[in-house]
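Going down the list, the protein sequences come from chains A and B.
The first sequence: position 67 = 48 (our numbering), numbered continuously.
Every number in our numbering is 366 more than the matching position in the second sequence, counting from 1.
Don't take each hint at face value.
Among chain B residues calculated to face chain A with C-beta under 10 Å, some are [stated by the list, open to error]:
#	residue
1	Val370
2	Gln372
3	Ser390
4	Ser396
5	His399
6	Leu401
7	Gly406
8	Leu462
9	Phe464
10	Gly465
11	Gly467
Derived CB-CB ranges, DEER-like [unchecked claim]:
#	chain 1	residue 1	chain 2	residue 2	range
12	A	Arg77	B	His435	26 to 34 Å
13	B	Gly423	A	Gly(-3)	45 to 53 Å
14	B	Asn368	A	Asp37	15 to 23 Å
15	B	Arg424	A	Glu83	28 to 36 Å
16	A	Ser39	B	Gln375	24 to 32 Å
Everything labelled a hint here was simulated from the structure, so no lab data went into it.
Note that beta-carbon positions come from the ideal geometry of N, C-alpha and C, so glycine has one too.
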Amino acid sequence: EAGVTQFPSHSVIEKGQTVTLRCDPISGHDNLYWYRRVMGKEIKFLLHFVKESKQDESGMPNNRFLAERTGGTYSTLKVQPAELEDSGVYFCASSRPGLNTEAFFGQGTRLTVV
Amino acid sequence: KNEVEQSPQNLTAQEGEFITINCSYSVGISALHWLQQHPGGGIVSLFMLSSGKKKHGRLIATINIQEKHSSLHITASHPRDSAVYICAVRLGGSRLTFGEGTQLTVNP
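Excised from the complex, chain A in its bound form (with noise of 0.2 Å):
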């Protein structure tokens, strides 16, 4: 089965730009989540979906990042306007439905605002 996705695999963006970063998940898989490691700190949750619902958004950092999920198949998530810190490599991980089913990552995108 193909694996999750990411793309763009690479963005450079300059501050104050949107950008917008996509995941597709395995097919069947509820669960989506979203992870982001900033340079030198550990990799951080950012929100999970179930299908397309938002089931917890809590480490969102503002509201600059816009998660959607829109028929509960790929996700995306948008940057607007990006700033400096925002700048990490962003994950993505899919998983079947259930609490504790193994999740598979994506290559993530790595994102850098100049």
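Go by the hints and put chain B onto chain A.
Below, chain B alone, put in the same frame as chain A:
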């Protein structure tokens, strides 16, 4: 202080050596994951544990729930094992909380 602590942060070994990476966590968990990330690559799940021990090839993962501790062992290490190894736990919900990772370098 992070809820998940890994040690060591960096580890350099010679090919063939036995390697141990440790992970300690501070609260009760429902599951613990060991993940691998190669340079420039995505994250690959190695193990998901809730008790005992699991083995896959040269990799062994153990967990002691009472002591809130897990170890990842690599036997007969090889340069291709060089990567960042990350411990992550489920604290109750389904999201993961991550350690900072251990950078492993295996020299030929």
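Item to check | Violated hints, by number in ascending order, as checked against the structure | outcome: 3 and 15
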